[in-house]
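At position 129 of the sequence shown (counting the first as 1) the number is 129 in our numbering, and the numbers step up by one without a gap.
It is worth saying that the hints were derived from the structure and are not from the lab.
Here the structure is a predicted model, which means the values were calculated and not measured.
Be a bit skeptical, because a hint or two may be false.
[Unchecked claim] Here are the computed distance ranges between Cβ atoms for each label pair:
| id | residue 1 | residue 2 | range |
| --- | --- | --- | --- |
| 1 | A179 | Q37 | 37 to 43 angstroms |
| 2 | I5 | S208 | 30 to 36 angstroms |
| 3 | G30 | A83 | 39 to 45 angstroms |
| 4 | S208 | I90 | 36 to 42 angstroms |
| 5 | K32 | N234 | 25 to 31 angstroms |
| 6 | P210 | R250 | 18 to 24 angstroms |
| 7 | K96 | G270 | 37 to 43 angstroms |
| 8 | A33 | A176 | 34 to 40 angstroms |
Glycine included, C-beta positions come from ideal geometry on N, C-alpha and C.
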Amino acid sequence: MEYRILGKTGLRISRLGFGGIPIQRIDAEGTKALIAQLYDAGINYIDTARGYTVSEQYLGYALEGIRDKFILATKSMARTRDAMAKDIDISLSNLKTDYIDLYQVHNPTVAQLDQVIAEGGALEALLEARKAGKIGHIGLTAHSVEVFEKALEQSWVETIMFPYNIVENQGEELIARCAQKNVGFIVMKPLAGGAIEDASLALRYICSNPDVSVVIPGMAEAKELEDNLAAVNNDAPLTAQELEQMDRIRKTLGTQFCRRCNYCAPCTVGIAIPSVFLFEGYLERYGLQGWAKDRYATLSVKASACIECGACEERCPYHLPIRQMIKRAAEGFGE
1 MEYRILGKTG
11 LRISRLGFGG
21 IPIQRIDAEG
31 TKALIAQLYD
41 AGINYIDTAR
51 GYTVSEQYLG
61 YALEGIRDKF
71 ILATKSMART
81 RDAMAKDIDI
91 SLSNLKTDYI
101 DLYQVHNPTV
111 AQLDQVIAEG
121 GALEALLEAR
131 KAGKIGHIGL
141 TAHSVEVFEK
151 ALEQSWVETI
161 MFPYNIVENQ
171 GEELIARCAQ
181 KNVGFIVMKP
191 LAGGAIEDAS
201 LALRYICSNP
211 DVSVVIPGMA
221 EAKELEDNLA
231 AVNNDAPLTA
241 QELEQMDRIR
251 KTLGTQFCRR
261 CNYCAPCTVG
271 IAIPSVFLFE
281 GYLERYGLQG
291 WAKDRYATLS
301 VKASACIECG
311 ACEERCPYHL
321 PIRQMIKRAA
331 EGFGE
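I would like the entire structure built from these sequences, with the hints used as guidance.
Okay, structure coming up:
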């Protein structure tokens with residue numbers, strides 16, 4: 001296993017990490033068996049979140065007795081000091097630990113990031129928790145380039161997590177800036193939410209970028225772990241055949257895949273279009289129907305509210321048939 005230093009955190013982490021979303025569909029014992037396999041393989045970086053239902057609890061159970069063998073990261077969507085302080089304590093309890101190596105602000109908008117930074121914002125609780133030894137380092141996750149760019153301007157941000165894969169490379173320039181500023185870069189959505197079926201090729205592409213600190217595919221089965229390990233440990237240059245295959249994937253998905261750039265906003269009736277497609281991906285590809293529907297239920301305006309004005313399609317740089325895609329999502333979620 002290759003190890004990297006995670007930016008200014010100084011943490012020594014495995015190049016292949018573990019994304020904790022899919023373990024929601026197994027159970028505590030299955031998680032414990034999988035974590036044991038990660039340990040045997042030399043994988044020491046685990047990512048989860050307060051929003052991943054039972055993920056923290058399952059991991060807490062699985063890590064009993066071996067907590068010190070792993071670098072543990074979680075995240076919260078809290079934006080205020082009080083809410084973040086509460087979530088940090090819940091995470092510590094769920095994970096059955098007295099410290100968390102990396103705690104991240106989970107997917108804020110630009111406006112929410114301003115709230116996090118402002119007086120009474122979540123950053124105050126994170127800094128207090130770090131001072132108290134409850135957390136070791138502070139990071140941020142994002143889905144938009146605008147938030148990514150703003151995060152890079154924040155001195156307290158030690159790591160950034162952002163989607164990066166064969167079809168989503170809109171953050172590539174900012175990833176390079178992470179390396180220049182010694183900010184650890186964590187790859188989420190390496191398979192584009194499951195849209196890319198060839199996991200080996202996807203991971204080979206990501207790991208060919210030296211500015212990537214760690215990639216965290218979601219895993220729930222031993223076979224997934226084995227395949228991902230083989231891909232990450234293959235450091236041979238990408239072949240002409242692999243590059244051609246990547247081009248075919250881009251051509252296939254490039255006309256129908258939402259990259260969450262948010263240029264379609266604002267929707268005339270207030271639909272959070274990228275969020276609808278993000279949750280639909282969980283519904284269709286991850287096998288997490290219940291969780292996807294719960295997340296979708298939090299949207300104040302559902303896909304069925306679309307009036308088919310087409311304004312979003314005029315702004316989409318990828319010329320997606322958004323009205324058709326929104327209609328499909330509304331049918332999938334039933335509202």
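Quiz item: What hints, given by number in increasing order, does this structure fail?
Solution: The structure conflicts with hints 1, 2, 3, although it agrees with all the remaining ones.
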